[in-house]
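Construct the entire structure; sequences and hints are all you get.
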Amino acid sequence: MNGRDSGASVRPGIGRSWAIQQRVIHALVLREMLTRYGRHNIGFLWLFVEPMLFTVGVTILWTATKSVHGSDLPIVAFALTGYSSVLLWRNMPSRTIGALTPNLSLLYHRNVRPIDIYLSRLILEGAGATMSFVFLALAFGFAGWLQPPEDVLQITGGWLMLAWFGASLALFLGALSETSEIVEKLWHPMAYFLFPLSGAAFLVDALPQAAQKYMLYLPMVHGVEYIREGYFGSQITAHYDMTYMGLINAVLTLIGFAQVSKISRTVIPE
Amino acid sequence: MIELQGINKTYGTRSGPNHVLRDVNLTVEHGERVGILGRNGAGKSTLIRLISGAEFPSSGHIHRGMSVSWPLAFGGAFQGSLSGFDNLRFICRIYGVDPADKVDFVEEFSELGNYLREPVKSYSSGMRARLAFAISMVIEFDCFLIDEIIAVGDARFHEKCNRELFVKRADRAMIIVSHDAAYIREHCTRAAVLVNGELHHPASLDEAFDFYQESTARKAIAS
Numbered sequence: 001m002n003g004r005d006s007g008a009s010v011r012p013g014i015g016r017s018w019a020i021q022q023r024v025i026h027a028l029v030l031r032e033m034l035t036r037y038g039r040h041n042i043g044f045l046w047l048f049v050e051p052m053l054f055t056v057g058v059t060i061l062w063t064a065t066k067s068v069h070g071s072d073l074p075i076v077a078f079a080l081t082g083y084s085s086v087l088l089w090r091n092m093p094s095r096t097i098g099a100l101t102p103n104l105s106l107l108y109h110r111n112v113r114p115i116d117i118y119l120s121r122l123i124l125e126g127a128g129a130t131m132s133f134v135f136l137a138l139a140f141g142f143a144g145w146l147q148p149p150e151d152v153l154q155i156t157g158g159w160l161m162l163a164w165f166g167a168s169l170a171l172f173l174g175a176l177s178e179t180s181e182i183v184e185k186l187w188h189p190m191a192y193f194l195f196p197l198s199g200a201a202f203l204v205d206a207l208p209q210a211a212q213k214y215m216l217y218l219p220m221v222h223g224v225e226y227i228r229e230g231y232f233g234s235q236i237t238a239h240y241d242m243t244y245m246g247l248i249n250a251v252l253t254l255i256g257f258a259q260v261s262k263i264s265r266t267v268i269p270e
Numbered sequence: 271m272i273e274l275q276g277i278n279k280t281y282g283t284r285s286g287p288n289h290v291l292r293d294v295n296l297t298v299e300h301g302e303r304v305g306i307l308g309r310n311g312a313g314k315s316t317l318i319r320l321i322s323g324a325e326f327p328s329s330g331h332i333h334r335g336m337s338v339s340w341p342l343a344f345g346g347a348f349q350g351s352l353s354g355f356d357n358l359r360f361i362c363r364i365y366g367v368d369p370a371d372k373v374d375f376v377e378e379f380s381e382l383g384n385y386l387r388e389p390v391k392s393y394s395s396g397m398r399a400r401l402a403f404a405i406s407m408v409i410e411f412d413c414f415l416i417d418e419i420i421a422v423g424d425a426r427f428h429e430k431c432n433r434e435l436f437v438k439r440a441d442r443a444m445i446i447v448s449h450d451a452a453y454i455r456e457h458c459t460r461a462a463v464l465v466n467g468e469l470h471h472p473a474s475l476d477e478a479f480d481f482y483q484e485s486t487a488r489k490a491i492a493s
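Protein sequence lines correspond, in order, to chains V and F. All residue numbers for the first sequence refer to our numbering, where the first residue is 1 and numbers rise by one. All residue numbers for the second sequence refer to our numbering, where the first residue is 271 and numbers rise by one.
Bear in mind the hints are in silico, worked out from the structure with no lab data behind them. Take these hints with a grain of salt, some might be off.
Some chain F residues close to chain V (C-beta under 10 Å, calculated; not the full set) [said to hold, decoys possible]:
no., residue
1, Gly-282
2, Ser-322
3, Gly-323
4, Ala-324
5, Glu-325
6, Ser-351
7, Ser-353
8, Asn-357
9, Phe-360
10, Arg-363
11, Gly-366
Heads up, the beta-carbon is just placed ideally off N, CA and C, and yes, glycines get one too.
Structural data, given as structure tokens:
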């Protein structure tokens, strides 16, 4: 092939496939950053400045209205852990739903598959939410509004579980939205109503016993509780079952990938 | 070698399944230039997308024993808000080619000058086509897939494209789909004819053109 096989592979093996996929996702991430944020004003910094603005706004709002959240925790700490978590899992499906349509022409390149388009968007979304959370935690910490977290490892674990939840839900809903337009219509009200139920705005322990049971059916509540325990430790009583959350995540991942592979076989490049 | 065996392609439509390709067989050897003639809607573009691997057949097997390009001459895959150079870099990254080596070529060949730093959405359709062609020539393949005539810009630029593709890459295999018999005659050594989703393999180029003419005439009378 005289070095002519510039990545337009003949028959890639597994290792080769992985190398190609990494290359494609890298290219898509850079492309997405440019198309979404451009080179004007602060450019790609918007990736985390935008979620930071949201979180700061909610923090101010909750402080001003002295929101009841059922604990003695400072409202700043409460808003940061809660709203950052919501941004992490909720923005992921919003970015994958309908993601293929504007990118259909890319599929003319054999190595670009729908899963790569989804993964590149999820990576950006996850990175933005994570940077926003970390920077704000540091900033609030330096400002003296927030005690340092008690267990960084537990926070990281909870954060990753929430990211996994968001990503698997996003894969499933994103791929499903290619076969049914209803998904996009329903997602907006769903995302809206899930926010107050997601554990971001309350501690499960503050709820009546009867309500706690039902609330804990929602997988993201477990993640937020786990993160808060990592942050505040003994100051709160957290309710979670990470095995349950892991199980839900695994099932979502499975049906998510199944749906993506189904549409990958039928999608028509434009 | 590229080999298509028993390819069928069906699309689901509101009025039931639409059988676009029926039991298509095709073999293309290294360096061979094959034309595929067909009227509008005969299934040419579907066939070229299947060969490129951008789409999958409903049944049948495709073997790609050499590297195959994406279907050239489609002006798309450009993100309008990105500049010409951004789009070049994107394609290079996907195929694992260093864009730095290719900037000069695209600048020289496309004759777009400083426009390469402007968003593609500000280009005229001619400028877009020039960019598309220049970028197509940046990645090397054993087999180029060409969808319809690459009629780009004025006669001089057209000539330049022909030289770049057909003269400089005379050793490569090519599959050209077109409704234009003259274009196929000029560039191909063998031709097949696509009629109603079936691919016919006449013994010679001349027979292929006769067959194509007849099928077109029959169509005209029937309608």
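Given hint Ser-353/F near chain V, where the shortest CB pair must fall under 10 Å: holds (9 Å)
Per the CB criterion, is Gly-282/F less than 10 Å away from chain V? holds (8 Å)
Given Ser-322/F as an interface hint, is its Cβ closer than 10 Å to any Cβ of chain V? Since the shortest Cβ distance to chain V is 6 Å, the answer is holds.
Interface hint check: Phe-360/F, Cβ to nearest Cβ on chain V, cutoff 10 Å. Holds or violated? holds (5 Å)
Would you settle whether the hint for Ser-351/F is holds or violated, based on the nearest Cβ-Cβ distance to chain V being less than 10 Å? holds (5 Å)
Hint status (Cβ of Glu-325/F to nearest Cβ of chain V, threshold 10 Å): It holds, given that the least Cβ distance between Glu-325/F and chain V is near 6 Å, below 10 Å.
Under the criterion of a CB-CB separation shorter than 10 Å, is Arg-363/F in contact with chain V as hinted? For Arg-363/F, the interface hint holds, since the closest Cβ of chain V sits about 4 Å away, which is under 10 Å.
Is the interface hint for Asn-357/F satisfied, with its Cβ closer than 10 Å to some Cβ of chain V? With Cβ-Cβ at 9 Å, under 10 Å, it holds.
Classify the hint on Gly-366/F as holds or violated, based on whether any CB of chain V lies nearer than 10 Å to its CB. Holds, because the Cβ-Cβ distance from Gly-366/F to chain V comes to roughly 4 Å (cut-off 10 Å).
Minimum beta-carbon distance criterion (10 Å), Gly-323/F to chain V: holds (4 Å)
Should the interface hint for Ala-324/F be scored as holding, given a Cβ-Cβ cut-off of 10 Å against chain V? Holds: closest Cβ of chain V sits about 5 Å from Ala-324/F, inside 10 Å.
In the structure shown, no violation is registered for any of the earlier numbered hints.
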